[in-house]
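Engineer: Here's the letter readout for the chains.
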Amino acid sequence: MSDLLQAIEEKLGDAVEDSHAYRGDDTILVSHDRVLEVMQTLKDDSSFRFNMLIDLTAVDYLGRDPRFEVVYHLGSVEVEARGSEPSSLRHRLRVKSGVAEVPCEIDSVTSIWPAANWMEREVFDFYGIRFKGHDDMRRILLYEEFQGHPLRKDYPKERRQPLIGPRN
Amino acid sequence: MSEKQEILRQGDDSFVTTRVDSVVNWGRKYSFFLYPFVTACCGMEFMSVAGPRYDLDRFGAALPRFSPRQADLLMVVGTISHRQAPILKKVYDQMAEPKWVVAFGACTCSGGPYNNYSTVQGIDTIVPVDIYIPGCPPRPEAVLDGLMKLQDKVQGSPGWSRPRHQETADLDLPIIEKPVA
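Protein chains in written order, with our numbering: chain G, 13 to 180; chain D, 54 to 234.
Hints in this document: simulated from the structure, not taken from any laboratory. A quick note: this is a predicted structure, and the numbers were derived from the prediction, not measured. Check the hints yourself; a few may be wrong.
To be verified - Partial chain D-side listing against chain G, Cβ under 7 Å, derived: (1) H135; (2) A138; (3) Y170; (4) V173.
What the hints assert, rightly or not - Dumping the calculated DSBU-like pairs for lysine-lysine here, alpha-carbon to alpha-carbon at most 35 Å: (5) G:K55 / G:K108; (6) G:K169 / G:K55; (7) D:K143 / G:K169; (8) G:K165 / D:K142; (9) G:K169 / D:K142; (10) D:K57 / D:K206.
What the hints assert, rightly or not - Using C-beta positions, here's what the derived DEER-type ranges look like: (11) D:D146 / G:R171: 34 to 40 Å; (12) G:I66 / D:A115: 34 to 40 Å; (13) G:I152 / D:C94: 22 to 28 Å; (14) D:C94 / G:D77: 39 to 45 Å; (15) G:T39 / D:A115: 54 to 60 Å; (16) G:A127 / D:P166: 46 to 52 Å; (17) G:Y73 / D:D205: 52 to 58 Å; (18) D:Y107 / G:P168: 39 to 45 Å; (19) G:W130 / D:P166: 54 to 60 Å; (20) D:R118 / G:A127: 40 to 46 Å.
Glycine included, C-beta positions come from ideal geometry on N, C-alpha and C.
Isolated chain G (complex conformation):
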């Protein structure tokens, strides 16, 4: 187990359901109802300082419970030099959190990293996962008349949409 994972488990305790390290990439699994507090700690705590949300996406494990998994990639990057104290720890972390099919929702992390705004909208657009606390939860790449969420594994590849032909 890496130093980072050890520190996380000491600090966050039972909020971390599972963890693994593979070739230098650390991953933790967090319960969906504790994402917000875990993320806040990961950003603010001086031993983590994940000041950058690199990516936010989702995976559909159709047939599994919980069906979806939201994946966050966090990084700690140098923002500005602050004397002798480094502002970043130059490490990174993957956080995963399971989301059930019903209710298909999880807390938004836009209050922690504003960069999450568009990425959460994209996940909502393509997977239909709603982010609680997001102030503008609507489609971002597709149009509002689009029916369904096309990156769900049960979205039929050949389904046609009402506004654009040919009709089914």
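Given chain G's structure and the hints, the job is docking chain D onto it.
Structural biologist: The following block gives chain D in isolation, referenced to the frame of chain G:
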């Protein structure tokens, strides 16, 4: 000898007779003003065929107009996504009569390799199409062949002053009521 034959004999080779259909269509088919609606990789092939080696200018179709109101040939070149569809429809509607549409490449003909949630499965579901040029992308020779087939079609089209929407009125094209772009 009838009066008409007498006139023809006296005129010798100083005039020709034709029908207005033929001469108007002859003029049109050698002076396409095309609007290149280029969205994807087929655009590179379009540039190739418009360039000096293959030279669309030999067919009188050299002058791209970047305003649909000045164009009479809509060249749809490349994949059309759902988000592009209302734009394409609008461009088509803005073109003045007479107007023709060429579907350039597999994507515009049928959606090509993209059978998915975001790609229009052939632009003939949005606008009426005169000539389909298949290929991914089409060879320049195929484009020239398509252009010549369109010339033949224009030359043979009856009723040169008939508005095109009368020909296409019975096509069942979905109407995109709301712009989605």
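Engineer: All the hints need checking, so say for each whether the structure fits it.
Structural biologist: Structure-based check of all given hints:
no.: 1; hint: H135; in the structure: holds, 5 Å
no.: 2; hint: A138; in the structure: holds, 5 Å
no.: 3; hint: Y170; in the structure: holds, 4 Å
no.: 4; hint: V173; in the structure: holds, 6 Å
no.: 5; hint: G:K55 / G:K108; in the structure: holds, 16 Å
no.: 6; hint: G:K169 / G:K55; in the structure: violated, 39 Å
no.: 7; hint: D:K143 / G:K169; in the structure: holds, 28 Å
no.: 8; hint: G:K165 / D:K142; in the structure: holds, 32 Å
no.: 9; hint: G:K169 / D:K142; in the structure: holds, 25 Å
no.: 10; hint: D:K57 / D:K206; in the structure: holds, 32 Å
no.: 11; hint: D:D146 / G:R171: 34 to 40 Å; in the structure: violated, 28 Å
no.: 12; hint: G:I66 / D:A115: 34 to 40 Å; in the structure: violated, 49 Å
no.: 13; hint: G:I152 / D:C94: 22 to 28 Å; in the structure: holds, 25 Å
no.: 14; hint: D:C94 / G:D77: 39 to 45 Å; in the structure: holds, 42 Å
no.: 15; hint: G:T39 / D:A115: 54 to 60 Å; in the structure: holds, 59 Å
no.: 16; hint: G:A127 / D:P166: 46 to 52 Å; in the structure: violated, 34 Å
no.: 17; hint: G:Y73 / D:D205: 52 to 58 Å; in the structure: holds, 56 Å
no.: 18; hint: D:Y107 / G:P168: 39 to 45 Å; in the structure: holds, 41 Å
no.: 19; hint: G:W130 / D:P166: 54 to 60 Å; in the structure: violated, 28 Å
no.: 20; hint: D:R118 / G:A127: 40 to 46 Å; in the structure: holds, 43 Å
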